[in-house]
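Visitor: Spelled out, the chains give:
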Amino acid sequence: MSALKKKMFTIAVFVLCISLVMAGCGNKNSDSSKGSASPSASQSSAATGNGEGGASELKPYKITLVYPGDTPKDLQEVQSAISEYLTEKINATIELKPIDWGSWLEKTNLMFASKEKFDIVISAATLGYYSNVAKGAYLPLDDLIAQHGRDIQGVLGDEILSGLKVKGQIYGTPTNKEFAGANGFLFNKALVDKYNIDLNQINTLEDLEPVLRMIKEKEPGITPLFEGNNRFVGSLVLNGQYDGLGDGFGVLNRNSDALTVIDKTEVPEYLEVAKIAHRWYKDGLINKDAATVKDWGLMQAGKAFAVQQELKPGKDAEMSTAWGFPVVQKQLDVPYTTTVTVAGIMLALSKTSENPERAMMFLNLLYSDKKLINMLDFGIENKHFVKKSDTAIDYPEGVDAKTVGYRNEAWMFGNQMNTYLFPNEDPNKWNAFSEFNKQAEKSIALGFAWDSEPVKNEVAAITNVSKQFEDAIISGSVDPEVYIPKYREALKAAGLDKVIAEKQKQLDEWAKNK
Amino acid sequence: MNATTNAALPSSQSSPKRIRENSSVAQFLIHVFFVLACAACLIPLILVAIVSLTDERSILANGYSFFPEKFSLDAYRYLLGDAQRLLNAYGISILVTVVGTVTSLLISSLLAYPLSRKDFPQRNLLAFFVFFTILFNGGLVPWYLVYTNLFHIKDTLFALLVPNLLMNGFYILIMRTFFTTSIPGSLIESAQIDGAGEWRTFFRIVLPLSLPVLATIGLFTTLGYWNDWFNSLVFIYDNRLISLQYLMTKTLLSIQFLQSNTQNSNVGKLLTEMPTETVRMAMAIIGIGPIVLAYPFFQKYLVKGLTVGAVKG
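Chains as they are written, first to last, in the numbering used here: chain A, 1 to 514; chain B, 1 to 313.
Don't read these hints as lab results, they were simulated from the structure. One or more hints might be untrue.
Unchecked claim - Dumping the calculated PhoX-like pairs for lysine-lysine here, alpha-carbon to alpha-carbon at most 20 Å: (1) K218(A) / K282(A); (2) K115(A) / K70(B); (3) K498(A) / K486(A); (4) K370(A) / K351(A); (5) K97(A) / K154(B); (6) K70(B) / K303(A); (7) K59(A) / K89(A); (8) K467(A) / K492(A); (9) K135(A) / K165(A); (10) K456(A) / K135(A); (11) K154(B) / K117(A); (12) K62(A) / K89(A).
The task is simple: from the sequences and hints, build the whole structure.
Guide: In structure tokens:
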């Protein structure tokens with residue numbers, strides 16, 4: 001009895017000690033956050049009062065920008081150069097915080113979870129935009145854009161911005177880039193030239209077939225069509241024919257005006273393209289490991305003639321540089337704008353930002369100020385790049401893409417059409433982008449964001465089924481007449497009907513409130 | 001090995017020799033088994049080494065091969081071109097491993113020793129706390145919060161030393177068992193009678209007698225520190241502070257991540273800028289580095305240490 005009491009006493013003392021320690025730290029924390037909250041409140045009131053007018057009247061503030069990428073050697077140097085420039089403009093300094101792609105999701109999730117203080121963060125549909133909005137990690141931007149981000153609105157246009165709305169609010173400003181996807185093929189230029197192939201004559205898969213057969217016959221060491229890594233003959237239809245409405249399970253037919261969610265395996269085109277793919281596969285026009293390859297394999301090695309690819313203007317130049325030999329592109333369909341292509345990459349404000357007004361002013365500058373965006377993308381003039389003309393730059397002598405001390409991905413930030421171009425890029429690239437955007441057909445469901453939460457078990461099951469069948473079918477590795485019915489059955493068993501019904505319900509809801 | 005079995009075969013007439021023959025057949029089989037097991041461990045390593053020395057284009061065209069078409073030192077040249085980053089990461093890894101292992105051993109033994117003493121008050125309660133942490137922990141986010149918001153060790157070397165690695169309940173229980181079973185209570189008693197204080201008893205008598213367990217736990221923690229990349233991933237933003245293993249892991253993780261995000265056409269381009277297959281293999285070879293040397297050093301104690309507490313009672 002007394003032994004028990006003694007034990008209880010010790011435990012009680014221990015618990016008390018721990019709670020004291022914790023309470024101490026807790027107090028300290030809340031104190032410090034209180035302390036930092038009050039000046040920021042006064043800052044923000046000052047900021048709203050003055051608008052964008054005088055930079056000197058704004059209190060100094062450090063904006064933290066978190067983005068994925070490698071840490072370059074001269075980060076500090078560029079950071080202070082940008083800070084100097086920003087101090088002039090909006091009396092702010094900047095902290096650049098690159099995070100490796102590999103640890104991006106872990107690190108940012110922990111930053112959100114621990115309520116770490118930072119201002120601007122990269123987001124995208126594929127980087128958890130919708131889940132982070134649902135978690136409340138981002139700030140709604142409508143008012144901020146109206147107050148401090150008029151240039152953003154001017155550059156992007158309302159249609160694009162509202163494509164990102166979640167429950168009536170915008171949570172991110174997309175990079176001004178291509179807002180549509182088009183599908184087609186990349187061809188090895190050496191072979192195109194050798195056989196005088198007129199790419200303009202290739203407008204359908206039927207047009208492509210004789211060319212592939214000719215290559216197979218005349219170039220024994222070359223695979224006519226390389227497939228792998230989500231680049232299949234069938235991707236043409238999957239990406240070009242439908243709006244995948246998020247995850248691609250339950251889709252909209254692009255050519256229909258009805259907001260009706262359908263099962264893609266029941267559309268005749270799906271079977272058609274799979275049949276073509278299978279014929280090509282059987283005839284040896286496609287590499288045998290098509291369904292399992294996870295890289296650019298033979299194409300990158302220069303041992304293949306063509307590869308299916310999602311295209312934008314200048315994609316061929318980009319891949320030529322990356323692979324080290326020239327390729328040319330041919331687009332087979334009209335570009336298509338969907339929620340996913342609009343939400344491709346954007347900048348969001350963190351809920352923990354202490355001065356969202358200033359962060360928005362900075363975003364506004366990214367869309368309007370040419371000098372700032374180029375500094376952020378390419379570093380300091382005459383050190384990291386030299387100007388060749390008003391719009392073109394090159395690396396300084398003795399430096400190349402691998403050895404340069406600073407370089408960011410231009411497609412990640414703000415108004416990409418204000419950025420300089422390298423000599424290997426088309427000088428008219430940005431015009432071509434605008435043209436491409438204008439040309440694009442907009443999905444009737446543009447702006448609809450699919451929330452898979454209510455049916456997440458079904459979606460997980462369907463994802464597994466699709467892994468098992470999809471690549472094999474659309475790459476042509478198996479006979480579609482046999483496997484598409486099997487695939488459909490498996491999808492149904494996994495609960496596709498329920499997912500489609502839920503999607504339809506959300507879509508109708510969205511259409512009502514649009 | 002074949003030579004010895006062959007030599008044993010001809011002289012197998014009398015019965016004792018037959019036994020020897022039997023045993024030598026068994027010996028032969030055992031040897032074959034272990035040669036195969038050994039090969040199963042070594043061949044992948046050799047393949048990695050060969051791939052790291054292969055020309056990139058021949059890998060793209062033919063896949064991995066033990067007999068590549070064309071050898072090339074490009075991968076190593078590429079890595080040495082960025083030698084500073086590599087050396088820096090090496091330095092961090094070695095520093096963290098040495099400091100971490102020594103501190104960890106000291107703290108662990110200082111906790112395990114009192115737990116092994118029967119005259120230590122409330123030792124069961126304390127042991128329960130140790131035991132409890134083996135079974136339960138707070139989960140990733142609270143764990144992260146404690147280290148970043150309470151201890152503020154984010155982006156410092158402490159982040160590589162302290163979390164998860166400094167103390168492991170399981171190691172402490174192993175040590176305690178060793179202390180209780182291998183160090184006779186009478187020895188400690190006699191030391192006390194001779195006038196040794198607790199510290200002297202611990203450092204001069206107990207620790208020297210516990211080399212096997214220290215070496216075993218030491219090896220485990222050394223490996224733990226050397227192979228740890230998760231703490232770098234979670235806590236470190238400064239490129240100068242990342243460990244060698246993370247330097248390599250992050251390349252792999254980035255490639256994996258980019259591959260699963262190929263809908264974004266820009267990401268597809270990034271993928272082609274990642275280090276090539278051969279470079280990754282060369283990194284693995286370089287990463288094996290000094291840790292291989294640690295094995296023979298610890299091996300002598302390893303078996304002894306692992307059977308600690310197994311038979312004695």
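Visitor: Does each hint hold? Answer for all of them.
Guide: Hints versus structure:
About 18 Å separates the Cα atoms of K218(A) and K282(A), which keeps this hinted pair within 20 Å; it holds. As the CA atoms of K115(A) and K70(B) are separated by approximately 53 Å, the hinted pair breaks the 20 Å bound. Simply put, K498(A) and K486(A) have alpha-carbon atoms about 19 Å apart, close enough for the 20 Å limit, and the pair holds. For the given pair, K370(A) sits about 28 Å from K351(A) by alpha-carbon distance, which is inconsistent with the 20 Å threshold.
In summary, the hint linking K97(A) to K154(B) is supported, as the alpha carbons are separated by about 14 Å, within the 20 Å threshold. Restraint check for K70(B) and K303(A): satisfied, since their Cα atoms lie roughly 17 Å apart, inside the 20 Å limit. Our distance criterion of 20 Å between C-alpha atoms is met by K59(A) and K89(A), whose separation comes to about 12 Å. Of the supplied pair hints, the one linking K467(A) and K492(A) holds, its CA atoms being roughly 15 Å apart against a limit of 20 Å.
Simply put, K135(A) and K165(A) have alpha-carbon atoms about 15 Å apart, close enough for the 20 Å limit, and the pair holds. The suggested pairing of K456(A) with K135(A) holds, with an alpha-carbon distance near 16 Å, which does not exceed 20 Å. For the proposed pair K154(B) and K117(A), the alpha carbon gap of about 14 Å is at most 20 Å, so the pair holds. Under the criterion of a C-alpha separation no larger than 20 Å, the hint pairing K62(A) with K89(A) is consistent with the structure, at around 13 Å.
Hints 2 and 4, counting from the list given before, are not met by this structure.
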